[in-house]
Structures are given as structure tokens and as C-alpha cells.
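Participant: Sequence:
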Amino acid sequence: MEFAKFEAVSIRNHPELNERWVQDRIAEDPSILGLGDIVLKDRERIQPRAGRLDLLLQDSESTRRYEVEIQLGPTDESHIIRTIEYWDIERKRYPQYEHTAVIVAEDITSRFLNVINLFNGMIPLIAIQMKALKVGNQIGLVFTTVVDLLTLGLVEEDEEGQEPTDRSYWEARGSKKTVAMADQLLTIAKTHDPALELKYNKFYIGLAKDGQPCNFVVFRPKKGFIRFEPRLKNSPETQERLESAGLDVMDYDRRWGRYRIRLQPGEIEKNKEILTEVIAETYTASNQD
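Just so you know, we're using the working numbering here: the sequence shown kicks off at 5 and counts up by one.
It is possible that part of the hints are untrue.
[Stated by the list, open to error] Straight-line C-alpha distance at most 16 Å; calculated EDC-like pairs for lysine to aspartate or glutamate:
#: 1; residue 1: Lys181; residue 2: Glu273
#: 2; residue 1: Lys276; residue 2: Glu247
#: 3; residue 1: Lys45; residue 2: Glu94
#: 4; residue 1: Lys226; residue 2: Asp187
#: 5; residue 1: Lys138; residue 2: Glu20
#: 6; residue 1: Lys194; residue 2: Glu285
#: 7; residue 1: Lys45; residue 2: Asp33
#: 8; residue 1: Lys226; residue 2: Asp252
#: 9; residue 1: Lys194; residue 2: Asp214
#: 10; residue 1: Lys45; residue 2: Glu32
#: 11; residue 1: Lys237; residue 2: Glu285
#: 12; residue 1: Lys135; residue 2: Asp111
#: 13; residue 1: Lys138; residue 2: Glu11
#: 14; residue 1: Lys237; residue 2: Asp257
#: 15; residue 1: Lys180; residue 2: Asp170
#: 16; residue 1: Lys213; residue 2: Glu201
#: 17; residue 1: Lys194; residue 2: Glu281
#: 18; residue 1: Lys274; residue 2: Asp252
Please keep in mind that the hints were generated in silico from the structure rather than gathered at the bench. A quick note: this is a predicted structure, and the numbers were derived from the prediction, not measured.
Go ahead and model the full structure; you've got the sequences and the hints to work with.
Facilitator: Put into C-alpha cells, the structure is as follows:
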């Protein structure tokens, strides 16, 4: 395998490249942003009395939309204000969707990061740094998420954990067979900590240790399947590994930072090796938080 040396290129100062060129590349293949399986909904979208939104993207399997603004060079105050303004307009016009503001810039400055952290948690906001790299006569774009949606895991545990239920509640809501699948997954989790037990809450079955939530994985039994939700950082490598194993991977839950995997009866034993690996990784990651 040959080593290729890439030259960093400033799009802002390039004589031929410009913001329109970046828009075209993203519009051709929105997945290059690293936001999952997304499609182009609109570009240069006119906003009432507020200019034009660069790109409107939508998750192909959910109701999440991304209001994307692109800036060449470093971020500045007007850029973040414009992005939030467009996000606010879109969410008010189309409240049936989940809206996320996305800022794409060549240089995400430290000052900007401080500002963004003030908003994060109140406004769903993602900041992506863009780099143009040249080799020979070819130029490519690399996108790196530097500020992701705030994972509200502790809120999830706190709010839903206040409404305890019992096993019979879930056997009625799902089925005895799918609740028994939670037992199978618990058995795998207990190899890491024998003190773990199921904790039945109103919206999910979690894990607990000594009566305290320990929700590195949660389970949601349905009538014909169980949804297994490990808390892991979203990555193309993990997504590909799960799908290559034949698992039914649903859209990633960015709000809570969880993969969502649909398991039919009989599939836990069939996929025990990969499920054991995932639970081990999730358990390890939870102890590093």
C-alpha cells in the first residue's frame, strides 16, 4: 500500500473553489457529513425576511431534519446567529419534525466552541469542521464533528426512572416471550457485573445495581420483538460491523446516544457473539464516563 501525502487547501482563498462548490459536493452525497443516512430535502431555501438556508437535509428513516449553514474560513458571530435563526424558523413552520442546527466551517475557533457550549442542551446544535485536502489534481473534503448533540443520558434515567413498573406491565405491553429476551440479554451483561438486575420503568426496561440505575443498555419489549439499545458513540465503523453481522439496525438515537437494534425471538442466541461484544464495549465505555 502506497503512502500519499495530502496538501491542505484553504477553500476560502482558492481561486476556483467557493461555497457553491462545497454545497454541490454535499448535495451530491449528504452522507459525507457523517450524520448517518440522510438525503437532500432542499438547498438555498428561502426564509421569510431572513435570507436563504444553505441546505436542508433529512434523515431517511426518521423525522429528523438538519438545517445546515456553510462558512468558509473561521466561524463568526453572524454565522452562528444565522444558523440558529434558520433552525428556529424551520422548527416553527414544521413542528412535526425534529430539527437540528448544523454549522459547517473550515475553522471552528476556540471562541466559537465556548459560545456553542452555552447553547448546547437548549438548542440541538452540531458543529462540523471541514478540511479540503489535495493530492495531485484531485481535491477531497473531510468533515469532522467537533460539537455533537448533547447526550442527555442522565435526564433519561432521572425522568423515566421516576415511574417504576413491574414485569407484568411489560408482559402486557410486549409479550412474555419478548420480556424473556431481556432476561437473555441480562445474562450476558451479568458476565461483567453479577450484581446487575433488570429495572422495570414505564418507558423501558433498564439495568440497576444495588437499586441504582446502570443503563449502559436498555430494552424495549414489543409484541413481536425486543429493541436492544446500547449506549455507544455513533460511528460508521460500528454501524457497518452491526449491519455486516446481519442485525436489524434502526436509526441511531442521537438524543440519547444509543444504537437501536431490533431482535426477533431466536436471534439473541444466533447473534450471541456480536451482542456479547457490543455489551462489553458499552459496559467499558460507561465505566470511563
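Participant: Look at each hint and say if it fits the structure.
Facilitator: Hints versus structure:
Taking the CA atoms of Lys181 and Glu273, the gap is about 14 Å. The hint holds against a cut of 16 Å. Of the pairs offered as hints, the one joining Lys276 and Glu247 holds, with about 15 Å between alpha carbons and a cut-off of 16 Å not exceeded. Pair hint Lys45 plus Glu94 holds up; C-alpha atoms about 13 Å apart against a cutoff of 16 Å. A threshold of 16 Å between alpha carbons decides the hint, and for Lys226 with Asp187 the separation of about 14 Å falls inside it, so the pair holds.
Among the hinted pairs, Lys138 with Glu20 is consistent with the structure: their alpha-carbon atoms are about 13 Å apart, no more than 16 Å. For the given pair, Lys194 sits about 14 Å from Glu285 by alpha-carbon distance, which is consistent with the 16 Å threshold. This hinted pair checks out: Lys45 and Asp33 have alpha carbons roughly 12 Å apart, not beyond 16 Å. For the given pair, Lys226 sits about 15 Å from Asp252 by alpha-carbon distance, which is consistent with the 16 Å threshold.
As the CA atoms of Lys194 and Asp214 are separated by approximately 13 Å, the hinted pair is consistent with the 16 Å bound. Using a Cα cut-off of 16 Å, the hinted pair Lys45 and Glu32 holds, with the two alpha carbons roughly 12 Å apart. Using a Cα cut-off of 16 Å, the hinted pair Lys237 and Glu285 holds, with the two alpha carbons roughly 10 Å apart. With a C-alpha separation of about 8 Å, the suggested pairing of Lys135 with Asp111 holds against the 16 Å cut-off.
Straight-line distance between C-alpha atoms of Lys138 and Glu11 comes to about 5 Å, which keeps the hinted pair within the 16 Å bound. With a CA separation close to 10 Å, the supplied pair Lys237 and Asp257 stays within the 16 Å bound. A hinted pair counts as satisfied when its Cα atoms are at most 16 Å apart, and Lys180 with Asp170 qualifies at roughly 13 Å. Between Lys213 and Glu201, the direct Cα distance comes to roughly 6 Å. Compliance with the 16 Å bound is thereby established for this hinted pair.
For the given pair, Lys194 sits about 13 Å from Glu281 by alpha-carbon distance, which is consistent with the 16 Å threshold. The suggested pairing of Lys274 with Asp252 holds, with an alpha-carbon distance near 13 Å, which does not exceed 16 Å.
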